[in-house]
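Based on the provided sequences and hints, a complete structural model is requested.
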Amino acid sequence: MTEQFVLPGDQIDVSTVVTGAAVTLGPNVALSKSNLEQTALSPTTAGLLNVKNAESRSPVYYVESNGRRYNPQVNDYVIGIIVGAFGEYYRVSLNSFSAPVLLNQFSFPNASKKNRPRLQTGDLIYARVESVQRNMEAELSCIDPTTGKDGGFGLLTGGFVFDVKLAFARYLLFDADAKILSELVKKCKFEIAIGVNGRIWIKTDDIKTTVACSNAIRNCQTWKKEELSAKVEDTFSVLESHD
Amino acid sequence: MDTTYASSAVKALPDAPVLSILINHPPFASMERKKRPRNDRRLAELSIILKRCFEKTIMLQNYARSVIEVTVTILSFDGGLLATCCNSITLALIDAGISLYDYVTAVTVGIYDQTALLDLNSLEEADLSFITIGVVGDSDKLNLILCEDRLPLDRVERLISLGIEGCHRLKQLMNETVREVGTDLLSKKQ
Amino acid sequence: MGLDYDISTNEQEFVLEALKQNVRLDGRKLLDMRDVKISILPSEYGHVEVSLGKTRVACKVSAEIVKPYEDRPFEGIFQINTEISPMCSPFFEIGQGSSGSGSNSRQANEEVLISRMIEKAVRRSNALDIESLCIVAGSKCWAVRADLHFLNYDGNFIDASCIAVMTALLHFRKPDIEVAGEEVVVYDTNQREPVPLSILHVPICITFNFYNPNGNEENVKGELNNELILADASLIEERLSLGTMTITLNKNQEICQLLKSGGLNIDASLIMNCCLYASKLVSRLNDEIHEVLKEDSKKRRNVREEKELQVFNERES
Amino acid sequence: MSFEAESGFLEQVDGSSTFEFADTKVISSVAGPLEISRMKNEKATEAFLDINILPASGVSSTRESLLESKLLSILSKVIDVSQYPRKQIQIVIQMVSPGESQLYTVKELTAIVNSVYISLLNSGISLQTSFLATCCSISPSGDIITRPTAKQLESSRSHTISVFSITDAASDSLIYSDSEGTFTEEELLRVLDSCAEDIQSMNEKVREVVHNRVKGDYIWHI
Amino acid sequence: MDVITITQPNQPQAEINATLDDGDVEMEDEELDVDVNGGIVDSAKSKNDIVVPGELITDDPSWMRGHGTYFLNEKTYSAVAGTIIRVNKLLSVIPFKGRYSPETGDHIVGRIVEVSNKRWKVDIGAEHDAILMLGAVNLPGGVLRRKSEADELQMRAILKEGDLLNAEVQSLFQDGSASLHTRSLKYGKLRNGVFVVVPSNLIIRAKNHAHDMPGGVSIILGVNGFCWIYKTKENQVPVAGGSSTQSKAEAGFQAATHNGGYTPGMGSVSITSLEEQSSWDIYSDKNDTISNSIKETISRYKNCLLALSHCNIAINETRLAKAYDISLGYGDVNSLVNEEVEESIGEDLINSGKMRGVV
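Protein chains in written order, with the UniProt record's numbering: chain A, 1 to 243; chain B, 1 to 190; chain C, 1 to 317; chain D, 1 to 222; chain E, 1 to 359.
It is possible that part of the hints are untrue.
[Stated by the list, open to error] Keeping only pairs whose Cα atoms sit at most 25 Å apart, straight-line, the calculated DMTMM-like set for lysine to aspartate or glutamate is:
1) A:165 to D:11
2) E:233 to E:296
3) B:188 to E:325
FYI, nobody ran anything at the bench for these hints, they're computed from the structure.
See the structure below:
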């Protein structure tokens, strides 16, 4: 692993930045307050420092950390549970015990005053974070802004949902060759939705396979890459041996 | 028998239906006249148990956005506290016209040597092991069992079956009373 | 009102459907218990940590000499502290259970039930002989307290904490004392070997949870009797359960406490089956506890012998 | 002089750790930012820090409240509370063994601060800086003992706890200091110096513990 | 055999003995089986069948299940203690007692508990507070006026917390809560009288619930059991008691239009600004002067109403009038609060009804 481990208070080395470049502060990076004479960057939590586009005029500095509690960021894909409704909004929970975010009843494709989805408390939705503003609740949307269609967003019916850590969810969503998913594909057919808020929804043809898949994904957070195939095999065989 | 009084009222609330059961045990109700602390865990437990007994028996789905408040005041305590609370709440709910799947009846069963006894008074409760059994309607299914004393496992079955019979008998008695009161009400309405 | 877990309808339906097919999320069968891990902290007496799957509970027993209660001069004092903190889960709040019957939130109910259950299972059933704690009648006695620390919540706190309390009580040693009239001499643990408590029996709780595969009406009026029963529920199973029953037994096949508080109605014969099944689990758990205690005492003896040897060697040299 | 620390072993909270030195051991947990559970706690511009310290045996008393308020004054300076308006951060500390008599709080507070620091890093909550705490006692003969045992503490003339911020792996500025007993100005300065030094040496190991935790979090990636 | 005794405190001694002597549970079951299992009704069973919660009503699946029932498989059970009502194929059970459940068209009396956005919340003794929209009241200034923003701001000047009003249930929401209106001359704010609550099930539904009673007193018997007894309005064509086929309101309306003169407090149709001013009177908080004798009569009616309620006698205007007559024989108004007197009034009423063969 090439990324550098950093802690709050550490000064991030910005000497490589091209003069005149506009540095973007990604997640977990803030302007250091301890040193006022010159601009210095400092991480806000323990993690691995990443720099994107380091050589360019717009480098991005961010610190990878694998937490459990999600902070909404615009354009993230999330899985939420409807926990209430008021006015024309639904209240949606992204993590248990976190403050709920909002979903406008009209933020669905082709929604109108007469024709809007009737969601119940407890329903599961796949959505995109539409806006995040300080001092306001974040807002979700079920419309794909590029097409105006549902783009896979909306109500998730059936299946099972479980929690994983945030960095792992991001890895599953963005890393095309996430090994665990390709392993599972070999075992069974499944539908999956990954929310970067650490929720994963999975649906297969039968209960046992769903249980096996969810256990494999959840537990593989503590598996090393080389032992993965064998452990996936174990997970499935345990359930199949069941009466 | 001790006497309890339950009243129920339904009032609007924004969310899912709520059943709340409050038990008062005033000092005059028992011999010791002991003042109980306000956060008496025993009464708190009792009210939680009662709440769970009725939560599935009241057709709560009919009372969305409402709260059903039940207040039980113990007027005189002489054993069978939980059972009597249970029975009086059933009658109070019926009197309040609240939809129930069936009667919830409860009774205490104790054991003396080899003999099983129904409905102990407080002196008997102090000396014998006993259990409280609660049944919904005429079924052989148990809604409530409470045993707080040491009791050989092999005795339990007999106590339970006797308790169930006691509950069924109680249901009949309560049934008669409800019908009597109902008939009386109807006759005057005509 | 405290915070609560948000559980989707999808999860609810899935878990119930899985249970109907005799599948649990962690691969157990309905009546299987998770593995119990009992670890005794080596540094002191009576400090035990129990894990039941991911549920973790620690119990610390301590004792001091105090004046007995006025109305019970011949008895010592035994207290169990069961305050649940948000450490085990933000679901629980500080001070919820102590607010008594006035509070109506789910977590407050849960805490009251857990504390009453442990109270009844251990204290009321006289697991600890409190008369043996009397030192000088009316003026001095031992006050033993067991403090439960709830560290991680994954369902079934009751069973885990009961095992923790009983193991800690069995393991605990109080300093040896000598009584001369009204005077009590307390010996340091280094001076004299501390003495164990007098434990009369070992009550163990087993909790069952009930689920309804049919409608409410079927449960009340129907004849199917196919309600699902499972032992040692995990977090999500516990949150979705429609009724629970805890039975406390000791190895003499004696019920110390039994509570099924409402919820689903369950046929008496099924309840009896649960009781019999529980008694099997109890004797197994009882053996496990004693096994752990035996291991520990062996370890301690070795350490002591080593120490003595060391002291001896030092003296020699 | 050594200490033990472990991080990230509790499932239901966002961050957790134990910290143990010289017979003093604590477990701490951090969860947040969470929804406010009681309206009266809500702060419009920053997070509410809900701190609870539970004694190893017995129920919370004024002693725990004192520790809670001391901890609050430290944490409100290092947690970036303005980042989480109208939310709450729950911090729970479970004492496992106090390692000092009822009369003292210094060792416990030291362990608590360090444990909470590791838990906070584990939870991902924004911090302004790294920080660590240590304690010293001055023996009757004037020797400075860092991280004393219970016995050393009882025989001491005075004791001090200090919390330093850490910049680039070096003790930087003094965040909090609390002394009890008799000492001269010169002694206090000496004490602070040796605290700063001790913290710097502790930091290496703490850093390693946290790094290992992060490595463990990304085990699937390696 | 174990002896089983469950004694009922009120049970006569003989019955207890019978139970004791029996000493066998199974046998008792048969003996004391009072219509518990025999409760299956076929269509032939009489109209006022009493059922209790959990009792099987019918195993005929062709019935539709209404309020107060539930079903499993093909069997329909009762969920309340009450009487079976059949309307066509709809089977429902009306509980003996219970909270008032509003129905469209009910004439009710209620109390304002909350003023909120463009609506009032009204306590009508039902499960949920009823809603009275600002647009559903007669605004001062005449029925023809539309509501304005000024009205929204001064809703408390019209009706405020604690005010009593009589209204009609306009419609029901999904959860069973009611929406009210007072857009008629006979509805609106109440003054000049006293408020009495009786169980709602005692009020007999009738065409009219507002009546002028002998003695210069009028009464509104709200279907929800909330009643209002007040001084009969002056300048009104006297309406003969209950025998009149013409409703009071109609009469009042005629009075307002035919007499040409306006009746204060009746919210008459007015267009002149002078009358607009005075139409605020319908929302006045001030009582008219009421003579002592009227006050006494109001009290007597109130006590009669309570006596009927105490004896669980269903209430309508004729019965109340009769009770009033009977009460005169008991002398002073104050004596009527005595429980025994209440009971004997009830008895007298029932007997007089029997004698005349009607009631």
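Right, here's what the structure says about each hint:
1. A:165 to D:11: 11 Å, holds
2. E:233 to E:296: Holds. Residue 233 of chain E to residue 296 of chain E sits at ~17 Å (cutoff 25 Å).
3. B:188 to E:325: 19 Å, holds
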